[in-house]
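The primary structure of each chain is shown beneath.
2 protein chains.
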Amino acid sequence: MPDIKSYNLSQRQRYVDELIALLKIPSISARSEHSADMKACAEMVQKRLLEAGVDKAEIFSTPGHPIVYAEKITDPSWPTVLVYGHYDVQPADPLELWDSPPFEPVIKEDKIFARGACDDKGQFYMHVKALEAMVQTNAICTNIKFLIEGEEEIGSVHLSDFVKANKTLLKSDVILISDTAMISMDTPSIDIGVRGLSYIEVEVTGPNRDLHSGVYGGAVANPITILAKMIASCHDENNHITIPGFYDDVAQATAEERALMAAAPFDEAAYRNDLGVRELWGEKGFTTNERTGIRPTLELNGIWGGYTGEGAKTVLPSKAYAKISARLVPNQSSEDITRKLLHYFESIAPAGVTVKATEHHGGEPYMTPIDSKAYRAAAAAIQESFGKAPVPVRGGGSIPICALFEKELGVKIVFMGFGLDSDNLHSPNEKYDLFNYYKGIDTIPLFHQHFAKEG
Amino acid sequence: MPDIKSYNLSQRQRYVDELIALLKIPSISARSEHSADMKACAEMVQKRLLEAGVDKAEIFSTPGHPIVYAEKITDPSWPTVLVYGHYDVQPADPLELWDSPPFEPVIKEDKIFARGACDDKGQFYMHVKALEAMVQTNAICTNIKFLIEGEEEIGSVHLSDFVKANKTLLKSDVILISDTAMISMDTPSIDIGVRGLSYIEVEVTGPNRDLHSGVYGGAVANPITILAKMIASCHDENNHITIPGFYDDVAQATAEERALMAAAPFDEAAYRNDLGVRELWGEKGFTTNERTGIRPTLELNGIWGGYTGEGAKTVLPSKAYAKISARLVPNQSSEDITRKLLHYFESIAPAGVTVKATEHHGGEPYMTPIDSKAYRAAAAAIQESFGKAPVPVRGGGSIPICALFEKELGVKIVFMGFGLDSDNLHSPNEKYDLFNYYKGIDTIPLFHQHFAKEG
Chain A
927 MPDIKSYNLS
937 QRQRYVDELI
947 ALLKIPSISA
957 RSEHSADMKA
967 CAEMVQKRLL
977 EAGVDKAEIF
987 STPGHPIVYA
997 EKITDPSWPT
1007 VLVYGHYDVQ
1017 PADPLELWDS
1027 PPFEPVIKED
1037 KIFARGACDD
1047 KGQFYMHVKA
1057 LEAMVQTNAI
1067 CTNIKFLIEG
1077 EEEIGSVHLS
1087 DFVKANKTLL
1097 KSDVILISDT
1107 AMISMDTPSI
1117 DIGVRGLSYI
1127 EVEVTGPNRD
1137 LHSGVYGGAV
1147 ANPITILAKM
1157 IASCHDENNH
1167 ITIPGFYDDV
1177 AQATAEERAL
1187 MAAAPFDEAA
1197 YRNDLGVREL
1207 WGEKGFTTNE
1217 RTGIRPTLEL
1227 NGIWGGYTGE
1237 GAKTVLPSKA
1247 YAKISARLVP
1257 NQSSEDITRK
1267 LLHYFESIAP
1277 AGVTVKATEH
1287 HGGEPYMTPI
1297 DSKAYRAAAA
1307 AIQESFGKAP
1317 VPVRGGGSIP
1327 ICALFEKELG
1337 VKIVFMGFGL
1347 DSDNLHSPNE
1357 KYDLFNYYKG
1367 IDTIPLFHQH
1377 FAKEG
Chain B
927 MPDIKSYNLS
937 QRQRYVDELI
947 ALLKIPSISA
957 RSEHSADMKA
967 CAEMVQKRLL
977 EAGVDKAEIF
987 STPGHPIVYA
997 EKITDPSWPT
1007 VLVYGHYDVQ
1017 PADPLELWDS
1027 PPFEPVIKED
1037 KIFARGACDD
1047 KGQFYMHVKA
1057 LEAMVQTNAI
1067 CTNIKFLIEG
1077 EEEIGSVHLS
1087 DFVKANKTLL
1097 KSDVILISDT
1107 AMISMDTPSI
1117 DIGVRGLSYI
1127 EVEVTGPNRD
1137 LHSGVYGGAV
1147 ANPITILAKM
1157 IASCHDENNH
1167 ITIPGFYDDV
1177 AQATAEERAL
1187 MAAAPFDEAA
1197 YRNDLGVREL
1207 WGEKGFTTNE
1217 RTGIRPTLEL
1227 NGIWGGYTGE
1237 GAKTVLPSKA
1247 YAKISARLVP
1257 NQSSEDITRK
1267 LLHYFESIAP
1277 AGVTVKATEH
1287 HGGEPYMTPI
1297 DSKAYRAAAA
1307 AIQESFGKAP
1317 VPVRGGGSIP
1327 ICALFEKELG
1337 VKIVFMGFGL
1347 DSDNLHSPNE
1357 KYDLFNYYKG
1367 IDTIPLFHQH
1377 FAKEG
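Those protein sequences? They're chains A and B, same order as listed. Per the working numbering, the first sequence starts with residue 927, numbered consecutively. Per the working numbering, the second sequence starts with residue 927, numbered consecutively.
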């Protein structure tokens, strides 16, 4: 019987082919027209889990997109690892900025390009293949459960109810998630926190219809101008956020934590160069890593109103819209910040317009301890696989369900992400390096071995 | 032989049917995919002019959309009237706000609904039918020339060259234009001025690609936020425009002019109610009629960037855009203001973004005297047709070519508009009252009679 690495090496082509099949399904959870794709994707995940060797794999329907649950329980006395991931992806637009169609995966320079390549199909699927490898090489040493949902990108709206209703089914000793990034393949790292999220949409209505900008211009409030003024008022000249009460519950990082962050490798010139900007930008008094890790932020995700086509149209539009989201840090609460954002935009509307602010999904910030068995097992697995101890870092993204997992299931989470910040998550030309994909499939079994030993 | 009014009455159904045929052609000059429609529309205008009784009607091609020229020269000793109009229309979007498709004209409550119904197909076509009526009733008393272009809504970009090259062809004693509105059918009015226009587009680029707003949020300048700040900076708290030098050349209205404007009928409650706004808005220190008549304005015509689809996408976009236009009054120059706008947006860009500001079409403001033969003829025609003397008013819109006409052809313009501000020009559900259409066709021959007498 081959060892795991040898087995994986012999199966690489199939591992990639299977991932490509998964990436071809446009499982965009935000768009209602993709509900059939969501179902097809869940069914493929179920099928592949069964082929990989789980005892059972079931699809649970929800009022939204289905949840896939699977398990391989080998010995009830062994520790149980619950793998969480998601098969849904972000919308792919703007499509014109993709070098190849987002749902027609292509491999270029040993990278696979497709929406979801890294976030999170490529990453959760490593766990399916790691299971197969452990089964085929007789290396199973933990009980393994899989919870692969279809609504992570829209705030895991129906997962909470499922978790609350299925605590026994989901009982485990640790939740293992591959949906984050490493600093680089040369500097492996483990995320010890994810930020929370509040997301709102603002609709500003001026006149009851689009108007001729010459006939009416200057006489009625222009909803775009008013929306711009509202947005401009959200940050002061130091890029502090001005929403009343926004920072009330922010846990201040200690001097020690900040010193640790400052010691992590960071090449500002390379970072600027990669993004193509002359200067970085952000909250005064904090470094770039602090701005994306320990500080809350407020970003405009979208804006639209009036004429946006070719050429010129002299219209004074009736409506303007914006999508706005905040990333939250301990101990901010998503519900509280969402309420404050909604109230802010509604309260500053001048009398010439009406403002309707509505809520999209949110999620709580989450921190994971670095002195747990699970963290030690993850660190040992990475040390063994990469030949280097991982650096603990605070991630900027959000995984909305984390806080609820801990609250309802009473277990800690460990993040073993194999992506890179440069993987273009949520952007055109999302990619995942095959090297990282293979490395993940090799490393995950080591986590199970170390966790079984720790247990 | 019937008189003109009787003849018109007998032909109404055909007059409407012909207008409907013209309105069915989607002659949107701003959209390159409509170039075949533009050609078809020019050909229909040519055909109808010939049928109405001109001596000749020709289509002149330009690097853009074709120009239709026609003439009926009856007696070289008579005064010559040059009728200017345009067969192109504004884009029709947002399509979802139309109650019926913009290029499938319908008549409801004696109003014809279609893009271009009033601006300007319905209005210029009154002159074609007035010519027919004069020919059929042997009432021709002036020489009449027609200049019907296809680029008014995109700044008459190629008409200037045509006018400069065809001064003899276009030689006339007055230019007559129906492309403006009356206060109401009960309060007939004549526009004595149109505002000028500067129109720019601003593109703000932050990072070189769309980014994950969690991974990068807070660390790089968000182009939407920056664009919003730029837009917000264009007006101060009194809604004065802050672009340096913007008001430098504005001719201040005299106390007498302002008193005259204040005396014109204006029902603010009805105006607010029609627009569905609780409060009007505009430059402090000026009335609504002054804001839309004698003061320059700066309006946002469109804005877009980032994710604008259903649901939520957590993206920090690479680019954000805005379309921005200013209406100008004497003695502002479109070129000067355009230059100041472009410079303003480029100069205030912070180092974290790059800003590209480009120019769309512009046009100069234009004032017409009220002591000319042509104005007296127009006033007399309206007095005779409506039973009331017209009120002279300053219009808020722009007809880009006016200033050039006067400069190159050396003649004054008279505006005889039969539209209403409530005709939804440039907006969904554009309409033109059949009453106004018929009234215009009855009134235009009276202008020719009075102008012939004055001449």
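One or more of the hints may lead you astray.
Same chains, same label: a pair holds when it works inside one copy or across any pair of copies.
Mimicking DMTMM-like on lysine to aspartate or glutamate, the simulated pairs with C-alpha atoms at most 25 Å apart in a straight line are [stated by the list, open to error]:
#1 LYS1282 - ASP929
#2 LYS1210 - GLU1182
#3 LYS1155 - GLU1285
#4 LYS1266 - GLU1236
#5 LYS1090 - GLU944
It should be emphasised that the hints constitute simulated quantities derived from the structure, not laboratory data.
Status of each hint after checking the structure:
In the homo-oligomer, the alpha carbons of LYS1282 and ASP929 never lie at most 25 Å apart, since the shortest distance is 60 Å inside one protomer and 58 Å across protomers. Taking identical chains as interchangeable, the C-alpha atoms of LYS1210 and GLU1182 lie at most 25 Å apart only when both belong to the same chain, with a minimum of 20 Å there against 54 Å between chains. In the homo-oligomer, the alpha carbons of LYS1155 and GLU1285 lie at most 25 Å apart both inside one protomer (21 Å) and across protomers (24 Å), since each shortest distance falls under that limit. In this assembly of identical chains, LYS1266 and GLU1236 lie within 25 Å of each other by CA distance solely across copies; the values are 23 Å between and 38 Å within a copy.
Proximity of LYS1090 to GLU944 under the C-alpha cut-off of 25 Å is found in neither arrangement, the shortest distances being 32 Å within a copy and 68 Å between copies.
Hints 1, 5, counting from the list given before, are not met by this structure.
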